[in-house]
Amino acid sequence: AVELCGSTVDVVALPIDDSWFRDSGPIYVFDGIERVAGNWIFNGWGQKFVPFDKDAAVASAWAKHAGHSVRNIDMVLEGGSITSDGAGLLATTEQCLLHPNRNPQLSKDQIEQRLRSEFDLNEVMWLPHGLSMDADTDGHVDNVAIFVAPRTMVFQTCDNKSLSDHLRLEENRKVAQSFGVTMHEIPVLPVIEYHGERMQVPYLNFYMINGAVIVPVCGHAADDDMLGLIGEYIPDRDIIGLDIGGILAYGGGGIHCITQQIPALL
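Residue numbers (our numbering): 1 to 266.
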């Protein structure tokens with residue numbers, strides 16, 4: 001990793017069970033003075049994938065290495081299950097956060113109140129669905145919607161009416177519309193076959209870095225068109241397509257799933 005990344009990247013080796021740091025890593029907030037690493041409970045996506053003890057400890061291990069303050073939060077939450085506009089609005093999916101394998105002791109209202117409190121929110125947008133093939137995470141929101149600016153979302157729809165996602169994502173779209181947000185749609189949802197399994201590689205599982213957006217592509221005929229569309233939606237950044245084929249989707253995620261940002265202090 002050190003050789004591949006070069007001298008401009010600090011490589012930190014920490015024990016993990018899986019590579020999905022979006023879900024197991026810290027979720028940062030700003031408390032008015034400093035960055036604080038939120039250490040939520042990680043339970044292996046509803047205890048589907050064991051062991052997960054290293055993943056459950058990696059958020060605090062990273063924060064200790066970085067010298068960041070840690071806030072331990074007594075609730076199961078993965079970073080890929082939420083997206084926030086940074087101005088008081090957060091979106092999630094009912095399919096994931098209300099699944100009985102996450103926080104069965106908490107009601108929807110109780111979960112929302114925890115989210116509002118921890119992230120200083122004004123509103124929570126409960127989308128009904130994740131992707132139909134996203135059984136591993138029980139429908140994470142980062143495969144169907146992502147905020148790119150205050151009250152502005154890039155939203156996955158599906159122009160293939162033969163897929164169940166066509167109706168599922170239309171239901172999501174109607175919920176988002178009721179919040180009055182600006183919605184930019186990605187109409188193509190690639191479905192590929194990898195190692196004998198059908199899987200989806202959504203373009204909006206992208207990662208926004210300083211000055212650019214890293215977008216997963218898979219050799220689909222619509223790759224260039226969808227990259228151009230994302231460029232129209234996020235015109236102040238370079239759009240870089242990274243051909244991940246099916247390898248990340250086969251493992252259960254994408255580029256957004258395997259990364260976690262550390263917000264700058266302005």
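It cannot be assumed that every hint is accurate.
[Claimed, not checked] Below 27 Å or equal to it, Euclidean Cα-Cα: the simulated DSS-like pairs (lysine-lysine) are: (1) 64 <-> 54; (2) 64 <-> 108; (3) 161 <-> 174; (4) 108 <-> 48.
Bear in mind the hints are in silico, worked out from the structure with no lab data behind them. Here the structure is a predicted model, which means the values were calculated and not measured.
We went through each hint and held it up to the structure:
The suggested pairing of residue 64 with residue 54 holds, with an alpha-carbon distance near 15 Å, which does not exceed 27 Å. A distance of roughly 32 Å separates the Cα atoms of residue 64 and residue 108; the hinted pair therefore is violated under the 27 Å criterion. Taken as a hint, the residue 161 and residue 174 pair is honoured in the structure, with Cα atoms around 17 Å apart against an allowance of 27 Å. For the hint linking residue 108 to residue 48, the alpha-carbon distance of about 22 Å falls within 27 Å, and the restraint holds.
Checked against the numbered hints given earlier, this structure breaks only hint 2.
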